[in-house]
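Respectively, the protein sequence lines represent chains A and B.
Here this note's numbering is used: position 66 in the first sequence is 66, and no number is missing along the way.
Just so we're on the same page, this note's numbering is the position in the second sequence counted from 1, plus 1000.
No wet-lab data here; the hints were simulated from the structure.
Please note that a few of the clues may not be correct.
Listed next, the in silico SDA-like pairs over lysine to any residue satisfying Cα-Cα at most 25 Å (straight line) [what the hints assert, rightly or not]:
| id | chain 1 | residue 1 | chain 2 | residue 2 |
| --- | --- | --- | --- | --- |
| 1 | B | K1113 | B | G1196 |
| 2 | B | K1101 | B | D1047 |
| 3 | B | K1225 | A | F40 |
| 4 | A | K225 | B | W1222 |
| 5 | B | K1225 | A | A104 |
| 6 | A | K225 | B | R1301 |
| 7 | B | K1225 | A | I61 |
Protein chains: 2
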Amino acid sequence: MDILAICEANNVPLTPITFLKRASECYPNRTSIIYKQTHFTWPQTYDRCCRLAAALLSLNITRNDIVSILSPNVPAMYEMHFAIPMTGAILNPINTRLDAKTIAIILRHAQPKILFVDHEFAPLTQEVLHLLPFDDSKPKPLIIFINDMDSTTKHSSKELDYEGLIRRGDPTPSLSTSMFCVRNEHDPISLNYTSGTTADPKGVVISHRGAYLSALSTIMNWEMKLSPVYLWTLPMFHANGWSHTWAVAALGGTNVCLRNVTAPEIYKNISSYGVTHMSCVPTVLKFLLEGDRNDRSHRSRPVHVLTGGSSPPAALLKKVEQLGFQVLHGYGLTETSGPVYL
Amino acid sequence: MDILAICEANNVPLTPITFLKRASECYPNRTSIIYKQTHFTWPQTYDRCCRLAAALLSLNITRNDIVSILSPNVPAMYEMHFAIPMTGAILNPINTRLDAKTIAIILRHAQPKILFVDHEFAPLTQEVLHLLPFDDSKPKPLIIFINDMDSTTKHSSKELDYEGLIRRGDPTPSLSTSMFCVRNEHDPISLNYTSGTTADPKGVVISHRGAYLSALSTIMNWEMKLSPVYLWTLPMFHANGWSHTWAVAALGGTNVCLRNVTAPEIYKNISSYGVTHMSCVPTVLKFLLEGDRNDRSHRSRPVHVLTGGSSPPAALLKKVEQLGFQVLHGYGLTETSGPVYL
């Protein structure tokens, strides 16, 4: 079933959340997400997103509400790129490398109803919350912690956490269907802030239509084939992972999630799962040279790397390509809604 | 420059005619069209389409007018997929294999202001026109003949022909710019008729938005890379060549045009121009078995073949694949606006 043709036939608004439902139907046996011991298929990811969206609706999340996230590239971060906009709300992924003061500026401006926090950033969040004066006009967001699914040390176990929310979500069939019907394709899907290098972070609003087209633009210009295996070396908080969050779903690919980006982790995942694509800043390209120097010429498929930000030196590119990586250099700003290819 | 991002940024309507301008800027040295001795680059194709559109405007063609075409896969047929909608008019490519009576039914229904006729179909057109009662309420369309550029025998040399129209077109810069600004992406770009196997042909209206999305759908699902070399074995009058007319422009590819589809012509063009993609009905797959049996395993790239219509027998597919063709089977109807991939 081809969602592009169907969108047009029914004049359905363009939104990348339709990629999720399509992936669950067209690629029912493909692995959607891998993270440590956790492996999901596309139907499981679809089910989890529907449950989370239903739970958010039960928490009175509604159209154009902001839901902020402080998280590394774990499955929850990926799922929320679909589940939050499925409710009509706007996701706001926050750069976890910012200091407490800058994050406080973002929260004061975005005024989220809910803030999802990965357990790793619980101390940072405490620091941020102390900086913010909450009152009736600017109420404190509901904090929901994300614990690793196979972690033994649970944070805030007495409170509602991410997995608890998914368990309690009850998506009726009609609710699940309506969640894929965005009212207007120009509605916001994501609120992304610039890094604040020149001034306070500035908010950039991405529309459902913009996200959809940006995902297709990447597929076309990076020449991505169906069912890629995508290693998450680029933070999803960077302009929604340059829209690759949604592009991987459009292609029925596999998301290999990484909490920490290190050379051994990158090489282990490439070898274990047959990674075909990854994106990163030039700094991560340098990591690749530090890693193993094993011959990977036997690999039937090269690893395609999309890099952006500062221009990597020619010598670095040459060395990385000798290791079996095919590097494409893109250009982008948070404001340009995904990378632009020249 | 990425047209997808730009369309969104400026909230420009989605239309595949923007692919042409982008190709002329992003792929200035790539060959756009090959036909016999004629070779054009993308800037040349862009210039010719702007000239033709300007000439059509000077003939009082305006928004939502119908311009019909009876033509094989020659450069004019390709160019008119851009030049006609650039004026706001709607192209109506007619199946040249229909009999005069059926074509007359289409013309009576579509009521074109202009009918472009390739010289090969001049006798058929005479037959069709004799069947039609024209009067003030249903005026006879202006007939414009298309002669092969390198042909020595010109038809209707005293009258205005296609190349004469291009020569007389005067696209001012502001006119050329405005021709890429479709007012509403839901406006029709093409009026295609079904083949009339079950009843009189039925008209199907394709919108600019639908054509744009259908082109991108093909790129994604057929896994087309940038700069393909596309051999036109599928008639462009079949649902705008399953939207591949526009997809090839989006990718800055090369259109290898064919007046007659025969095995020697197919193999000659594959060998001369390094064809990467072609589309056809299963009958043409049979032609491939009749052609040369030379070993093509030395080819660095296989020829990707998209086939549709009736299902080709497994034995035929196997034999064709042994010849170095990679076959994908799609499904489509004129009504579905390009093929659908399952």
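Checked against the structure, which of the hints given earlier come out wrong? Hints 2, 3, 5, 7 are the ones this structure does not satisfy, whereas the remaining hints hold.
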